[in-house]
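Student: Counting from 1, position 3 in the sequence shown corresponds to residue 3 in the working numbering; the numbering is continuous, with no gaps.
Simulated from the structure, these hints should not be mistaken for laboratory data. C-beta atoms are modelled at their ideal positions from N, C-alpha and C, and glycine is treated no differently. Mixed in with the good hints, there may be bad ones.
Capping the alpha-carbon separation at 30 Å, the derived lysine-lysine pairs in DSSO-like fashion look like this [what the hints assert, rightly or not]:
no. : residue 1 : residue 2
1   : Lys110    : Lys175
2   : Lys28     : Lys175
3   : Lys173    : Lys110
4   : Lys110    : Lys28
5   : Lys173    : Lys28
Quick list of the computed label-pair ranges, beta carbon to beta carbon [to be verified]:
no. : residue 1 : residue 2 : range
6   : Ile188    : Gly58     : 46 to 54 Å
7   : Gln172    : Met78     : 21 to 29 Å
8   : Leu83     : Tyr112    : 21 to 29 Å
9   : His22     : Gly58     : 41 to 49 Å
10  : Ser140    : Gln80     : 24 to 32 Å
11  : Ser140    : Leu83     : 19 to 27 Å
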Amino acid sequence: MASSSIIQKTSLSAYFHEQLIHFGGGLKPQPHEDTLWYLGEMLARLGDSRQLFAYQDGEYGLRPLALLYQDALNSERMWQRCLILRQLGDLSLFMSALFPEVFARKGLGKDYLSGMGGGAYEYLADHDHHAPHIYLELSSAFEEMIALVAQVCSRNTLSDTDNVIAIYQQWQKTKEPGLANKLRVLGIDVDHMGSHH
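With the sequences and hints as input, model every part of the structure.
Tutor: Structure (C-alpha coordinates):
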(Lines of atoms letter the chains of each structure in order from A and count residues from 1; the text may use other names and numbers.)
(Lines give C-alpha, C1' and ligand atoms only; values in the text may rest on other atoms or scores of the structure.)
Protein backbone atom coordinates (compact mmCIF):
# COMPACT_ATOMS: atom_id res chain seq x y z
CA MET A 1 0.00 0.00 0.00
CA ALA A 2 1.41 3.36 -1.03
CA SER A 3 1.71 6.13 1.50
CA SER A 4 -0.26 9.30 0.74
CA SER A 5 2.91 11.32 1.32
CA ILE A 6 4.59 9.71 -1.68
CA ILE A 7 4.09 11.74 -4.81
CA GLN A 8 4.64 9.91 -8.05
CA LYS A 9 6.08 11.93 -10.89
CA THR A 10 4.73 11.16 -14.32
CA SER A 11 7.85 12.34 -16.09
CA LEU A 12 11.29 13.76 -15.56
CA SER A 13 10.17 17.09 -17.01
CA ALA A 14 7.33 17.23 -14.44
CA TYR A 15 9.86 16.67 -11.66
CA PHE A 16 12.08 19.45 -12.97
CA HIS A 17 9.07 21.74 -13.42
CA GLU A 18 8.10 21.25 -9.77
CA GLN A 19 11.65 22.04 -8.67
CA LEU A 20 11.78 25.10 -10.92
CA ILE A 21 8.55 26.40 -9.38
CA HIS A 22 9.96 25.83 -5.89
CA PHE A 23 13.29 27.57 -6.47
CA GLY A 24 11.92 30.15 -8.92
CA GLY A 25 9.41 31.36 -6.35
CA GLY A 26 12.09 33.51 -4.74
CA LEU A 27 12.99 35.37 -7.93
CA LYS A 28 11.63 38.83 -8.63
CA PRO A 29 9.97 38.97 -10.98
CA GLN A 30 9.02 35.32 -10.81
CA PRO A 31 9.58 33.43 -14.05
CA HIS A 32 6.50 32.92 -16.21
CA GLU A 33 4.86 29.50 -15.85
CA ASP A 34 5.46 28.73 -19.55
CA THR A 35 9.16 29.47 -19.14
CA LEU A 36 9.39 27.06 -16.21
CA TRP A 37 7.72 24.35 -18.29
CA TYR A 38 10.14 25.06 -21.13
CA LEU A 39 13.12 24.77 -18.77
CA GLY A 40 11.76 21.53 -17.30
CA GLU A 41 11.40 20.04 -20.78
CA MET A 42 14.88 21.26 -21.70
CA LEU A 43 16.45 19.66 -18.61
CA ALA A 44 14.70 16.36 -19.27
CA ARG A 45 15.67 16.42 -22.95
CA LEU A 46 19.32 17.36 -22.46
CA GLY A 47 19.59 14.93 -19.55
CA ASP A 48 19.49 12.25 -22.26
CA SER A 49 23.02 12.03 -23.64
CA ARG A 50 21.63 11.17 -27.09
CA GLN A 51 20.09 14.65 -27.17
CA LEU A 52 23.09 16.42 -25.68
CA PHE A 53 25.92 15.04 -27.78
CA ALA A 54 26.31 15.16 -31.55
CA TYR A 55 27.78 12.32 -33.59
CA GLN A 56 30.46 13.62 -35.90
CA ASP A 57 33.59 12.11 -37.44
CA GLY A 58 32.94 8.73 -35.85
CA GLU A 59 32.55 9.94 -32.27
CA TYR A 60 30.15 11.66 -29.91
CA GLY A 61 30.92 15.10 -28.55
CA LEU A 62 29.54 18.54 -27.87
CA ARG A 63 29.29 20.65 -30.98
CA PRO A 64 31.07 23.93 -30.22
CA LEU A 65 28.68 26.83 -29.72
CA ALA A 66 30.46 28.93 -32.34
CA LEU A 67 29.91 26.18 -34.93
CA LEU A 68 26.23 25.94 -34.01
CA TYR A 69 26.01 29.70 -34.51
CA GLN A 70 27.72 29.37 -37.90
CA ASP A 71 25.29 26.58 -38.84
CA ALA A 72 22.39 28.89 -37.96
CA LEU A 73 23.81 31.75 -40.03
CA ASN A 74 24.28 29.43 -42.99
CA SER A 75 20.74 28.04 -42.81
CA GLU A 76 18.65 29.07 -45.77
CA ARG A 77 15.32 28.23 -44.16
CA MET A 78 13.95 30.16 -41.20
CA TRP A 79 12.67 27.02 -39.44
CA GLN A 80 16.14 25.45 -39.60
CA ARG A 81 17.77 28.61 -38.27
CA CYS A 82 15.29 28.75 -35.38
CA LEU A 83 15.82 25.06 -34.58
CA ILE A 84 19.61 25.47 -34.48
CA LEU A 85 19.41 28.68 -32.43
CA ARG A 86 17.10 26.96 -29.95
CA GLN A 87 19.73 24.22 -29.58
CA LEU A 88 22.41 26.91 -29.16
CA GLY A 89 20.44 28.74 -26.47
CA ASP A 90 19.53 25.54 -24.64
CA LEU A 91 23.08 24.17 -24.70
CA SER A 92 24.51 27.49 -23.50
CA LEU A 93 22.07 27.60 -20.60
CA PHE A 94 22.38 23.91 -19.70
CA MET A 95 26.18 23.79 -19.87
CA SER A 96 26.61 27.14 -18.07
CA ALA A 97 24.47 25.90 -15.19
CA LEU A 98 25.79 22.36 -14.90
CA PHE A 99 29.28 22.29 -16.35
CA PRO A 100 30.78 25.80 -16.30
CA GLU A 101 34.25 24.32 -15.89
CA VAL A 102 34.08 22.89 -19.44
CA PHE A 103 34.01 26.41 -20.85
CA ALA A 104 36.37 27.84 -18.23
CA ARG A 105 39.05 25.33 -19.28
CA LYS A 106 38.72 26.66 -22.81
CA GLY A 107 39.05 30.25 -21.63
CA LEU A 108 35.40 31.05 -22.30
CA GLY A 109 33.70 33.08 -19.62
CA LYS A 110 30.15 33.93 -18.63
CA ASP A 111 30.03 36.85 -21.07
CA TYR A 112 30.63 34.50 -24.01
CA LEU A 113 27.98 32.04 -22.84
CA SER A 114 25.47 34.79 -22.08
CA GLY A 115 26.11 36.38 -25.45
CA MET A 116 25.66 33.13 -27.35
CA GLY A 117 22.69 31.81 -25.39
CA GLY A 118 20.98 35.11 -24.71
CA GLY A 119 21.50 36.21 -28.30
CA ALA A 120 20.02 32.97 -29.65
CA TYR A 121 16.94 33.34 -27.45
CA GLU A 122 16.61 37.01 -28.41
CA TYR A 123 16.53 36.06 -32.09
CA LEU A 124 13.90 33.40 -31.34
CA ALA A 125 11.78 35.94 -29.45
CA ASP A 126 11.63 38.00 -32.64
CA HIS A 127 11.32 35.19 -35.20
CA ASP A 128 9.76 32.07 -33.63
CA HIS A 129 6.06 32.72 -33.33
CA HIS A 130 5.26 29.66 -31.19
CA ALA A 131 6.41 31.05 -27.83
CA PRO A 132 8.10 34.46 -28.17
CA HIS A 133 7.38 35.41 -24.53
CA ILE A 134 9.39 32.40 -23.31
CA TYR A 135 12.40 33.26 -25.45
CA LEU A 136 12.18 36.92 -24.48
CA GLU A 137 12.29 36.00 -20.79
CA LEU A 138 15.14 33.52 -21.31
CA SER A 139 17.08 36.19 -23.20
CA SER A 140 16.49 39.06 -20.79
CA ALA A 141 17.10 37.00 -17.62
CA PHE A 142 19.75 34.59 -18.93
CA GLU A 143 22.06 34.87 -15.89
CA GLU A 144 19.16 34.37 -13.47
CA MET A 145 18.02 31.31 -15.43
CA ILE A 146 21.53 29.86 -15.21
CA ALA A 147 21.47 30.31 -11.43
CA LEU A 148 17.96 28.82 -11.22
CA VAL A 149 18.84 25.73 -13.29
CA ALA A 150 22.06 25.28 -11.29
CA GLN A 151 20.08 25.43 -8.05
CA VAL A 152 17.46 22.96 -9.30
CA CYS A 153 20.17 20.53 -10.35
CA SER A 154 22.10 21.04 -7.10
CA ARG A 155 25.01 22.36 -9.07
CA ASN A 156 24.93 25.92 -7.87
CA THR A 157 27.79 27.72 -9.57
CA LEU A 158 27.40 30.62 -7.16
CA SER A 159 27.51 28.71 -3.90
CA ASP A 160 31.13 29.06 -2.90
CA THR A 161 31.49 31.53 -0.07
CA ASP A 162 33.77 33.99 -1.84
CA ASN A 163 31.37 34.31 -4.78
CA VAL A 164 28.35 34.75 -2.51
CA ILE A 165 30.12 37.47 -0.52
CA ALA A 166 31.24 39.22 -3.71
CA ILE A 167 27.70 39.15 -5.13
CA TYR A 168 26.26 40.41 -1.86
CA GLN A 169 28.78 43.26 -1.62
CA GLN A 170 28.13 44.26 -5.22
CA TRP A 171 24.36 44.17 -4.58
CA GLN A 172 24.83 46.41 -1.49
CA LYS A 173 26.56 49.00 -3.66
CA THR A 174 24.29 48.87 -6.71
CA LYS A 175 20.97 47.33 -5.59
CA GLU A 176 20.88 45.77 -9.07
CA PRO A 177 17.78 43.54 -9.48
CA GLY A 178 19.75 40.80 -11.27
CA LEU A 179 22.13 40.48 -8.34
CA ALA A 180 19.20 40.46 -5.92
CA ASN A 181 17.67 37.58 -7.87
CA LYS A 182 20.92 35.61 -7.73
CA LEU A 183 20.98 36.09 -3.96
CA ARG A 184 17.32 35.01 -3.69
CA VAL A 185 18.07 31.81 -5.62
CA LEU A 186 20.79 31.14 -3.04
CA GLY A 187 18.24 31.57 -0.26
CA ILE A 188 19.32 35.04 0.86
CA ASP A 189 16.30 37.26 1.54
CA VAL A 190 17.44 40.67 0.34
CA ASP A 191 13.94 42.12 0.62
CA HIS A 192 14.06 42.24 4.42
CA MET A 193 17.60 43.53 4.83
CA GLY A 194 18.08 46.97 6.22
CA SER A 195 20.73 49.36 5.01
CA HIS A 196 22.89 48.44 8.02
CA HIS A 197 23.81 45.03 6.52
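Student: Indicate, hint by hint, whether the structure satisfies it.
Tutor: Tested hints:
{"no.": "1", "hint": "Lys110 x Lys175", "verdict": "21 Å, holds"}
{"no.": "2", "hint": "Lys28 x Lys175", "verdict": "13 Å, holds"}
{"no.": "3", "hint": "Lys173 x Lys110", "verdict": "22 Å, holds"}
{"no.": "4", "hint": "Lys110 x Lys28", "verdict": "22 Å, holds"}
{"no.": "5", "hint": "Lys173 x Lys28", "verdict": "19 Å, holds"}
{"no.": "6", "hint": "Ile188 x Gly58: 46 to 54 Å", "verdict": "48 Å, holds"}
{"no.": "7", "hint": "Gln172 x Met78: 21 to 29 Å", "verdict": "46 Å, violated"}
{"no.": "8", "hint": "Leu83 x Tyr112: 21 to 29 Å", "verdict": "22 Å, holds"}
{"no.": "9", "hint": "His22 x Gly58: 41 to 49 Å", "verdict": "42 Å, holds"}
{"no.": "10", "hint": "Ser140 x Gln80: 24 to 32 Å", "verdict": "25 Å, holds"}
{"no.": "11", "hint": "Ser140 x Leu83: 19 to 27 Å", "verdict": "22 Å, holds"}
Consistency with the previously given hints fails for number 7 only.
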